[in-house]
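Take these sequences, add in the hints, and give me the full structure.
One-letter residues, chain by chain:
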Amino acid sequence: MDWDWDYALSIAPEMLTTGLKVTLQATFAGALVAFALGLVLALGLRAPWSGIRGPVRLIIEFVRSTPLVAQLFFVYYVFPSALGISMSALATGIVVLGVHYAAYTAEVYRSGIDSVPKGQWEAAVALNLSRPRTWTSVVLPQAVRRVLPMLGNYLIAIFKETPQLTLITVVDILGLGRQLGSENFRYLEPITIAGLFFLLVAIPASLVVRRLEHRLGT
Amino acid sequence: MEREPVPAPADAAPAAGDWMIRFDQVVKRFGDLTVLDHLDFHVRAKERVTLIGPSGSGKTTILRLLMTLERVTGGLIEVDGRPFSHMPGRGGLVPANEKHLRVARRKIGMVFQQFNLFPNMDVMRNITEAPVRSLGRSREEAETRGAELLEMVGLADKAHEHPARLSGGQQQRVAIARALAMEPEILLLDEVTSALDPELVAGVQCLLRDIAQESQLTILCVTHEMHFARDISDRVLMFDRGRIVEDGPPEQIFGEPREQRTRDFLQAVIEAG
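Line by line, the protein sequences give chains Z and R.
Quick note on UniProt numbering: the first sequence kicks off at 1 and runs consecutively.
Quick note on UniProt numbering: the second sequence kicks off at 1 and runs consecutively.
None of these hints come from the bench; they were simulated from the model.
DSSO-like, lysine-lysine: derived pairs with alpha carbons at most 27 Å apart:
| # | chain 1 | residue 1 | chain 2 | residue 2 |
| --- | --- | --- | --- | --- |
| 1 | Z | K21 | Z | K160 |
| 2 | R | K99 | Z | K118 |
| 3 | Z | K118 | R | K107 |
| 4 | R | K107 | R | K46 |
| 5 | R | K158 | Z | K118 |
Negatives, chain Z to chain R, calculated, CB over 10 Å:
| # | residue |
| --- | --- |
| 6 | M1 |
| 7 | L20 |
| 8 | F28 |
| 9 | F73 |
| 10 | V78 |
| 11 | I85 |
| 12 | S111 |
| 13 | G152 |
| 14 | A157 |
| 15 | F198 |
| 16 | V201 |
Being a predicted model, the structure only gives us computed values, none of them experimental.
Note that CB positions come from ideal geometry on N, CA and C, so glycine has one too.
Structure follows, in structure tokens:
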């Protein structure tokens, strides 16, 4: 099978605009949910009440122990009839990706929080800073800084997981490639373009994360 | 955690107001290990007291109890005539809650062995964060005072550096300025030069000596540097196994110690140093 440049150039613009837009939307919005909710869960794991810690631990274990696709299907196909909650395919994808990865980033934040030396907490007590202020001014800025490279890796992981959203009818760059392939009976070019696109984004992103790791000395 | 009954406010105690710090039958245990064993002692306002003794004798625990980094297992601590480790409740005294401790520890500042500066803030922010957030000072007011304190510790030009770019001695000076910015009445110094390179020790000690002489602070100092202890304090307490073995002015403790245990300890320190 020969590579057809004319065909490749004719589909590339649509793939890199429509498809790319969906992929990036899902990645960044999903990551935003994951990073914010992950922090909330991490704080839940450190809550002084076992009535909070227990359920948070349970949610995290549950999300980590079930496949992303099962979660996508459940929310997209079961929620509307069972709970009367229905969202667009893309919104569902963003929420599920976000919640799924929040279960992982919670552990990342937790490791960052645990790595803040005891002396920092003690200095905050000695300076009579309130508990919330100690978290916001002293602990979290140091904890988050330490885990930035790990969060970067999860951002890349989320990016590479976005094609799973095609299973609930979201048309991302790979899904669009497959669609164009079936319309034209030629899959080589669209699937290759989609694959190259992932490579072109993921490799520089990994390099950025590695430099960040180096700079932060982790 | 096990708590021993709190003794009734002792009638044997001297009149309130005479003492800045009073330990009354204070017990501190970590599991099976008794670190402080029914300890009684008083410190007068503006007194400068050094605690000496072998490692594990309970000196640092005393500072940590006063900074509320640890809670007593038994007994009572009073500061400035008021219950510190405890608060009134249920017809007597009950262990202090966080709210009581926040008010109580306002009078106390501490400088740590490992400095514990906040690495995510520059020097000025390290010094001003607590006055702004917990004393309610305006940022401007706090920075004016911060600049004066930095001037005093000889680091006026480092206000906008981050701690990681400073030497150990400089970091400890910032930590001293940070503690003073909270306007404490009691300053706790926990082996403040132990983590410093030898050539930086003298400068920090000299600064603390000046502060001790010029301020109205009550100072409790734990140190292994005997000449510093002699310089900075007007009273020395020799500790061993959670009890005070000898209590006297530095001339007595370092010149003519009365207790064999003190003589043995000082001999060991001289041989080690």
